[in-house]
Each structure stands twice: as C-alpha cells, then as structure tokens.
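Just need the whole structure built from these sequences, with the hints factored in.
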Amino acid sequence: MRGCLVSDGSVLRSEEERANGGLRAHERAALDDADELASYTSFGGPSDAPVSATSRLRVDGLHCAACAGLIEQALLRVPGVESADVNGAARRASVTWDPRQSKASDLVEAVRAAGYRAYPDTAAREQPAELDTGESRRMLWRLFVAGFCMMQVMMYATATYVAAPGDIDAQTLRLLNWAGWLLSLPVVLFAAVPFYRGAWQALRQGRVGMDLPVVLGILVTFLASTAATFDAAGVQPREVYFDSLTMFVTFLLGGRALEQRARARAARALDSALNRLPAAVQRRGADGAWAWVSPTRLQPGDCIRIAAGQAFAADGVVIEGRTDVDEALLTGESRPLPREAGDEVLAGSINLAGPVSVRVTRLGGQTRFDGIVQLVSQAMTRRPSAVRLADRIAGPFLWCVLLLAAAAAAGWSLVDPSRAVWVAVAVLVVTCPCALSLAAPSAMVAAAGALARRGVLLRRLDAL
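Going by the working numbering, the sequence shown opens with residue 1, and the numbers climb by one from there.
Heads up, none of these hints are tricks.
In the EDC-like style, the derived pairs of lysine to aspartate or glutamate whose C-alpha atoms are separated by at most 20 angstroms in a straight line are:
#1 103 - 33
#2 103 - 35
#3 103 - 32
#4 103 - 82
Hints were generated in silico from the structure; no laboratory data involved.
Next comes the structure, spelled out in structure tokens:
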C-alpha cells in the first residue's frame, strides 16, 4: 500500500507519483505563494520587482554522487536559472534564478522530470524525514533479499568449489546451477533495481553514471550464467557465476546502506543544531497575563519569559531574573555565561539556570542565529572542491572503463574466447568508482554531522 502525506490540509501524492508526474495546479500555487516562497527564497533587487532569487531546496531519490550533477543539469535548463549547486550527500540544492523568466515551481518541476524529488528547504522539513525512513526501509529490504539469496547460492556453490573433477555428476551439477539461477532472480529483478534506475536516469540526461558499469556487470554475468545453465552442452557448461553476482550486489547494497545511515545521522545532527528555537514561547499581554504564542508572532518590544532549559526565541535584553546561558554554538564560548537585568541574550542560546523575562530587540533574519543558519545552509549546498574534482574525474574515468572492458573482451576473444566475457565483467566490476564519487562527499557530510553534535558548525566543507 502506497502512503501519502498530509501537509497544510492538502493530501500530497505518493513519492512515486511525485517523482514521475508533473506538478498539480494546487501544488504549483503553493510553491509560488508569496509567503511560502519567502520562507525558502532570498531576493535581490527592488522589493516590488526583484531581478534575482536564490532558492534553497531539499532533494531526494539520489542514488550516487553523479545524481547531483544530473540534477544540476536539469535545473540549468530551466529558463532564467543562472546557477545551480547540489550537494548530493547533504541532499540540498541552492538555485539562483531570475523571477522575471521563471517560477519556483518550475525548479521543482525540472527536478521531478529528471526522476528525483524536490521540496522547499523550510516548509518540507518533516516530509524528507518521512521519505528518508521509507527509503531506508526499502534499502534494508533489498539488502536482506540480496544477502539471503547470496547465502543460499553460496551454499550450493561451495560443493563445486571443494569437489574434485568427476566428483559431481553432470545431472547434479545442472541441478545446482538451476538452484543458483532461481535464487539469483530476486537479486537481479528486485535487489538491484536502484542500480538500474540510477543508470537509466544518467542515460536520460546524456551522461554515463557510475551505476552503468555496475549494471553491465550484473546483467552480463546473469545472462552469460543463464545461458550456461540452460545450455549445459554449450561452450562453457560449468562456468556459472551466480555466487559472484549475488555477492557483488549484496556488498554494493551494504555499502550504500551504510552511506545512507551515515548521511541520515549527519542530517539529524545538523537539524537538531540549527532548529533550536522553541516552537512556542510565553508572551506577556497588555493585561499582564502570560500566553503561549508562536515565535513568528513576536514583535520588537514584546516581553517574553524563557524557562530554564529553553532556547531564547529572539535576541533581547534581560529585564527580570538572573541566569547562565550557553552560547557555544553562537560565539564559541564553551563556558556558561552569567546574564542578569540589562544584559543582552541571543536567539538560539540556551537558558541554563532559572527563568528570566526578556524584552525582544531583534527577530528572524536580524538575529545572529539566523545568520549562522544561513551560513551553514550555504555550506551544505555547496560541493567542496575535492568533491567537484572527483566528479570531473569520474566522468572520463567511466568512459575509460567501458573502453577498457571492450578492449579486454576483444583481445581475449582472439586468445581464449571462453574467457572473453568474464574478463570484461571483471574489468567493469573492479573499476567501479564508488570510493571516488560516493565516499568523498559522504565522509565530509558525516564529519560535519559529528562536529555539529559537538557544537562545532562549519562555514565551508573545504575546511575539512
């Protein structure tokens, strides 16, 4: 049963429908609404006729580092888009565009047309968490299926490893091959689907992604082993590699599952560090009574009360009470700082001791905390120079891999035709650039998340 999400009273389509279908009229209207647009877009130029806009988006459905480049290309094809920067590991995008030529909904539409999903960075904070959970669950299911089938195939293949020539008769050997073929079907048809999807999306954009060598290796190995299973009297009746096939897919899925988990932990750490402001705060009314209100309803001059353990919702001046505050995330000061009447407090700092009353002086984008949030958001959307270099190398490298595999197959077809296919497959599998294109951005985001858990925020991932 496919799930759906409810947001602001409207039912959003399931993720498959959102990724593959266009935006509906009400979705376009919501994305282009002035108030909604202001929550994830900053404008340049006159307020009544801005000439540039920079939107922050969250993207989902990425399978490898090359997906970030595919999304960038899709965004750059939208009329009026000046630049697009996608951090695949952080799942964030920053797009600078001309509001006179296009709309924000056009950006989301372009990402979805490319086979991915996009959401406003602020309004969709809860949606990616839901979808990340579903994505992780599907990845674990695929890993479970691949691992289970791998163990069963290896159980049958072990007999052929240890048996001496002639120990296993032809009928028994054929039965073992048939068992391996049946157990490989769920791996090829279900567990390996993310690799097919990633390769196809790259080809649709006219690029060779790092999933393509993986897919070629999987399909060639499966088809060649299938031919050997069905044609026991063929050229190479004993050479089936269902064990290698299932093991290869299992290890790749295991690596991606670990990468996905590290990315999710880093994202949670960053979100918890940046989303410190309370959801509600006590404000004193004209009659002197205290009432809970949203921080968005505060105005300069309002008097608010902050309890011990709560974060300050705005910059202000203490007018009543005495406490200690934790400003480590804002100023770098590791020790609690005393604050009493007349002292300034900063939004995002933590009240450690007792309740205090504060007169609000600055709100929203005027606070230092909001400036830090913007800096970190920009850092997480910009890909570090090392990652950009890896992406530039990965493209030509993949073409070299394909040409090298073809040359190896052609060369071995002249020397020993029975080994030509397997040599080509070995070249494709061994040269998969996962460590080059996937590990680099994931390691940086994981490091940023670990630092965030310790109260250290990075302005630039290049600092790592």
